[in-house]
Amino acid sequence: MLLEVRDLHVEFHTRDGVARAVNGVSYGVDAGETLAVLGESGSGKSVTAQAIMGILDIPPGRITGGEVVFQGRDLLKLREDERRRIRGAEMAMIFQDALSSLNPVLTVGDQLGEMFTVHRGMSRKEARARAIELMDRVRIPAARERVRQYPHQFSGGMRQRIMIAMALALEPALIIADEPTTALDVTVQAQVMELLAELQREYHMGLILITHDLGVVADVADRIAVMYAGRIVESAPVHDIYKAPAHPYTRGLLDSIPRLDQKGQELYAIRGLPPNLMNIPPGCAFHPRCPLARDVCRSDEPPLYEVSPTRGSACHFWRECLDE
Amino acid sequence: MPDGRHEPEQAIAGTGMGGTMDLGVDEAETLEKRPGPDGTGPGDRPRSLWSDAWRDLRRDPVFIVSALVILFLVLISLWPSAITSGSPLTCDLSKAQQGSQSGHPFGFDGQGCDVYTRTVYGARTSVAVGVLATLGVSVLGSVLGALAGYFGGVWDSVLSRITDVFFAIPVVLGGLVLLSVITSNTIWPVIGFIVLLGWPQLSRIARGSVITAKQNDYVQAARALGASHSRLVLRHIAPNAVAPVIVVATIALGTYISLEATLSYLGVGLKPPSVSWGIDISAASPYIRNAPHALLWPSGALALTVLAFIMLGDAVRDALDPKLR
Amino acid sequence: MGRYVVRRLLQMIPVFIGATLLIFLMVNVMGDPIAGLCGERQCDPATAARLEQEFGLDKPVWQQYATYMGNVFTGDFGTAFNGQEVTELMSTAFPVTIRLTLIAILFEIVIGVTLGVVTGLRRGRPVDTGVLLLTLVVISVPTFVTGLLLQLLLGVKWGWIRPSVSSEAPFDELILPGLVLASVSLAYVTRLTRTSIAENRRSDYVRTAIAKGLPRHRVVVRHLLRNSLIPVITFIGADIGFLMGGAIVTERIFNIHGVGYQLYQGILRQNTQTVVGFVTVLVLVFLVANLIVDLLYAVLDPRIRYA
Numbered sequence: 001m002l003l004e005v006r007d008l009h010v011e012f013h014t015r016d017g018v019a020r021a022v023n024g025v026s027y028g029v030d031a032g033e034t035l036a037v038l039g040e041s042g043s044g045k046s047v048t049a050q051a052i053m054g055i056l057d058i059p060p061g062r063i064t065g066g067e068v069v070f071q072g073r074d075l076l077k078l079r080e081d082e083r084r085r086i087r088g089a090e091m092a093m094i095f096q097d098a099l100s101s102l103n104p105v106l107t108v109g110d111q112l113g114e115m116f117t118v119h120r121g122m123s124r125k126e127a128r129a130r131a132i133e134l135m136d137r138v139r140i141p142a143a144r145e146r147v148r149q150y151p152h153q154f155s156g157g158m159r160q161r162i163m164i165a166m167a168l169a170l171e172p173a174l175i176i177a178d179e180p181t182t183a184l185d186v187t188v189q190a191q192v193m194e195l196l197a198e199l200q201r202e203y204h205m206g207l208i209l210i211t212h213d214l215g216v217v218a219d220v221a222d223r224i225a226v227m228y229a230g231r232i233v234e235s236a237p238v239h240d241i242y243k244a245p246a247h248p249y250t251r252g253l254l255d256s257i258p259r260l261d262q263k264g265q266e267l268y269a270i271r272g273l274p275p276n277l278m279n280i281p282p283g284c285a286f287h288p289r290c291p292l293a294r295d296v297c298r299s300d301e302p303p304l305y306e307v308s309p310t311r312g313s314a315c316h317f318w319r320e321c322l323d324e
Numbered sequence: 001m002p003d004g005r006h007e008p009e010q011a012i013a014g015t016g017m018g019g020t021m022d023l024g025v026d027e028a029e030t031l032e033k034r035p036g037p038d039g040t041g042p043g044d045r046p047r048s049l050w051s052d053a054w055r056d057l058r059r060d061p062v063f064i065v066s067a068l069v070i071l072f073l074v075l076i077s078l079w080p081s082a083i084t085s086g087s088p089l090t091c092d093l094s095k096a097q098q099g100s101q102s103g104h105p106f107g108f109d110g111q112g113c114d115v116y117t118r119t120v121y122g123a124r125t126s127v128a129v130g131v132l133a134t135l136g137v138s139v140l141g142s143v144l145g146a147l148a149g150y151f152g153g154v155w156d157s158v159l160s161r162i163t164d165v166f167f168a169i170p171v172v173l174g175g176l177v178l179l180s181v182i183t184s185n186t187i188w189p190v191i192g193f194i195v196l197l198g199w200p201q202l203s204r205i206a207r208g209s210v211i212t213a214k215q216n217d218y219v220q221a222a223r224a225l226g227a228s229h230s231r232l233v234l235r236h237i238a239p240n241a242v243a244p245v246i247v248v249a250t251i252a253l254g255t256y257i258s259l260e261a262t263l264s265y266l267g268v269g270l271k272p273p274s275v276s277w278g279i280d281i282s283a284a285s286p287y288i289r290n291a292p293h294a295l296l297w298p299s300g301a302l303a304l305t306v307l308a309f310i311m312l313g314d315a316v317r318d319a320l321d322p323k324l325r
Numbered sequence: 001m002g003r004y005v006v007r008r009l010l011q012m013i014p015v016f017i018g019a020t021l022l023i024f025l026m027v028n029v030m031g032d033p034i035a036g037l038c039g040e041r042q043c044d045p046a047t048a049a050r051l052e053q054e055f056g057l058d059k060p061v062w063q064q065y066a067t068y069m070g071n072v073f074t075g076d077f078g079t080a081f082n083g084q085e086v087t088e089l090m091s092t093a094f095p096v097t098i099r100l101t102l103i104a105i106l107f108e109i110v111i112g113v114t115l116g117v118v119t120g121l122r123r124g125r126p127v128d129t130g131v132l133l134l135t136l137v138v139i140s141v142p143t144f145v146t147g148l149l150l151q152l153l154l155g156v157k158w159g160w161i162r163p164s165v166s167s168e169a170p171f172d173e174l175i176l177p178g179l180v181l182a183s184v185s186l187a188y189v190t191r192l193t194r195t196s197i198a199e200n201r202r203s204d205y206v207r208t209a210i211a212k213g214l215p216r217h218r219v220v221v222r223h224l225l226r227n228s229l230i231p232v233i234t235f236i237g238a239d240i241g242f243l244m245g246g247a248i249v250t251e252r253i254f255n256i257h258g259v260g261y262q263l264y265q266g267i268l269r270q271n272t273q274t275v276v277g278f279v280t281v282l283v284l285v286f287l288v289a290n291l292i293v294d295l296l297y298a299v300l301d302p303r304i305r306y307a
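Residue numbers (our numbering), protein chains in the order written: chain A, 1 to 324; chain B, 1 to 325; chain C, 1 to 307.
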């Protein structure tokens, strides 16, 4: 495994109490593999990613347990300067909103070149040349001229390409993309996603794709991990999940996608609201919203049952769910 | 703020257009919008901005202390005789510059007046000038600002140019010029002057918040449904635009007190026999070597008063602007 | 950019006319412009009439204003109460006040920005709370009280400095007055920097910079500071005008013979020419400082430059 997260716990200490954002998440990614992490906002998918990258805001955030093993080392045990050297060079992150994620007062050339000057000790001139190469690589036209421009002078899709270029700059082993296409127009989404998938194959990188868009997932992911209230509720190869989900929450997500062949029927929606992270329901956190819930769900927290050697579900009644 | 400077907006009114605060910590984000840990469910009435702010203020020691200080000041300006027996105008030259003694804890000033009595009576002037000037400035400023913000167009440009003109005149300087020829020893010329030069600051704040409130979707919706101007302004815009005006006005109240004292110190604000901390500080400054107490007590009272109002405004601002927590 | 400058210059004109006209009216309506011209005594009627005619005071106010401004633009600011040219007074007063302002601005930049950065990065810690409280106190204590107290402590009690400044007003004697003049702005600069840093510290691009694996000092200096200081620099720029206009109080406390002193004298002696002349220049300084700030803003923030 390139990266393995084991039993990760993250809390946020706020004025109103402690929010338990991540409660024992475990997942792994191999080189060349794409893991899609699915979940509503508040499910802990972004926080897990930030904990892996080491960019959590501490405080209010706090990692209270678990391991993040990357290339054989537990990152959580490293000193900050050691982690810093890994960030950007060995693992990189692509954020949702490229406009706000790029520094507005520096040219894109400076922001790309910075990777080379800081991590590789290159001269500004060399770094500039590499920045232009990178921009060519992510197919930004007229890179030589545009390298001197500022982020706001690019279109949304082009800006996200720059974010991708920045993440790829030092050819990291792992890329974490946090909703990389959510902020883009639908037509541009596909292009950016395609580019990302293509580059991932070419460099044989591990990719963690955080999203709530099941459409994107089907095309590019190898495995899916579904998160709810800071836990993994289902983890499986992508085809298994689409064929038959083994968790009622996953089923709810799939059923709430509009489909052309069901035109005219009422669209399914999961009832209720996501749980309050300061007050997560006892037992299975999903039980207040679950159509299959029984008494045991209210009292006993389900472990991640082994459905098959490659598949797990945190539902007491996963068989029932699978059969439906 | 005796220099009469309009404060940097980011530091004062929280009009911030600051960058996205969301750290991608979508968890923390959603928490704020969801019912609190006290078990209030989604069906309950949502907490409003004001009740939320009030809940925070009641627990804020800065707010409690400054509110108590202000309450005390208001009480002694209404009934100064409750804590003093003498008159601020009975002075005994033979006691000039004497220090603290029984019955006269703050000592005597250069004219032999009791510093304690004068300091207590000085509160009345300061509070009166501060409150009345703030009222005038708030009414004039927010009406003009709100009209300009709401109707926009020519009125807005004209008002903007006029406020530019007022901002270009240094306040203390304007005060010296305008007030130097007035011989009245009431507090009205000073109040009039502060209103005259103070309203542009408030009008800018009011204009800005009205424009922001106007762009809210529900205001647009109400307009589309044919609500009248007055209904739109009073029912939909004013409640949302009033918070920054209140915050700025509270802080401004403190600065107006300070401005009055500064003008009195320069000899153009209030004039004897009015009792004002500014006058007393000015009168005491020549004797600074021998009778520093005559300078320190009114200075301390003045500073404490201004501080109380500024801290109160600060606390209210923090409570109303959860973004900066 | 060129068109932007031209537009801003054109916008300055009505503000300049408005502000100077306002002061001109205030001085003329409120005071007797010839009262100071016959020395301490009242002018006799014949002299008064002659003087009124000489200065064109029998003409309507707008005409007087036009004539005055016409003269100003040829460099003629009129005569002060003691027969000295107003321009002569200016040539001795302005250098002093400019030195004083320069020191004040230096204090704002060095102390204000440093404290703001330190507290902005440590929000909620004891340093932050302490400095925040201190700034509130500094803002609350009127400048003239701060000045008198510092003069009492440093000048009278401890004898570190001379309590009043000599007429040449060299740089070293202006350090304490400069600090007093800067005090309130200093507190604002601290608070503004703190807010700005704290806000930007949580911004997406700073998170990106951290995720890129940049060393902390590089994240702070190159990414955080660069953005956060834009509003601070514009505040300090605009402050130049305010400081020069607000120097009256400081100059009076320390007996500095600068612009504030001359203005104060002019007002006491109801000398129209001095007052209007100095205020006109101050308004100009204020407007030019604001223009420079706007241009600086465009230089520092490419989003405005290319808008």
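If you're looking for bench data, these hints aren't it; they were derived computationally from the structure.
C-beta: ideal position from N, C-alpha, C; glycine also.
Hints should not be assumed to be uniformly reliable.
Stretch by stretch, here's where chain A covers chain C in the computed footprint (C-beta under 8 Å, at least three residues) [said to hold, decoys possible]:
id	region
1	199-209
2	220-232
3	293-302
### Message
At least three residues with a C-beta closer than 8 Å to a C-beta of chain A: is that true for the region 220-232 of chain C?
### Response
holds (count 5)
### Message
Is the coverage entry for the region 199-209 of chain C by chain A consistent with the three-residue Cβ rule at 8 Å?
### Response
As far as the region 199-209 of chain C goes, the hint holds, because 7 residues have Cβ atoms under 8 Å from chain A.
### Query
Quick check: the region 293-302 of chain C, covered by chain A? Criterion 3+ residues, Cβ under 8 Å.
holds (count 3)
No hint from the list above goes unmet by this structure.
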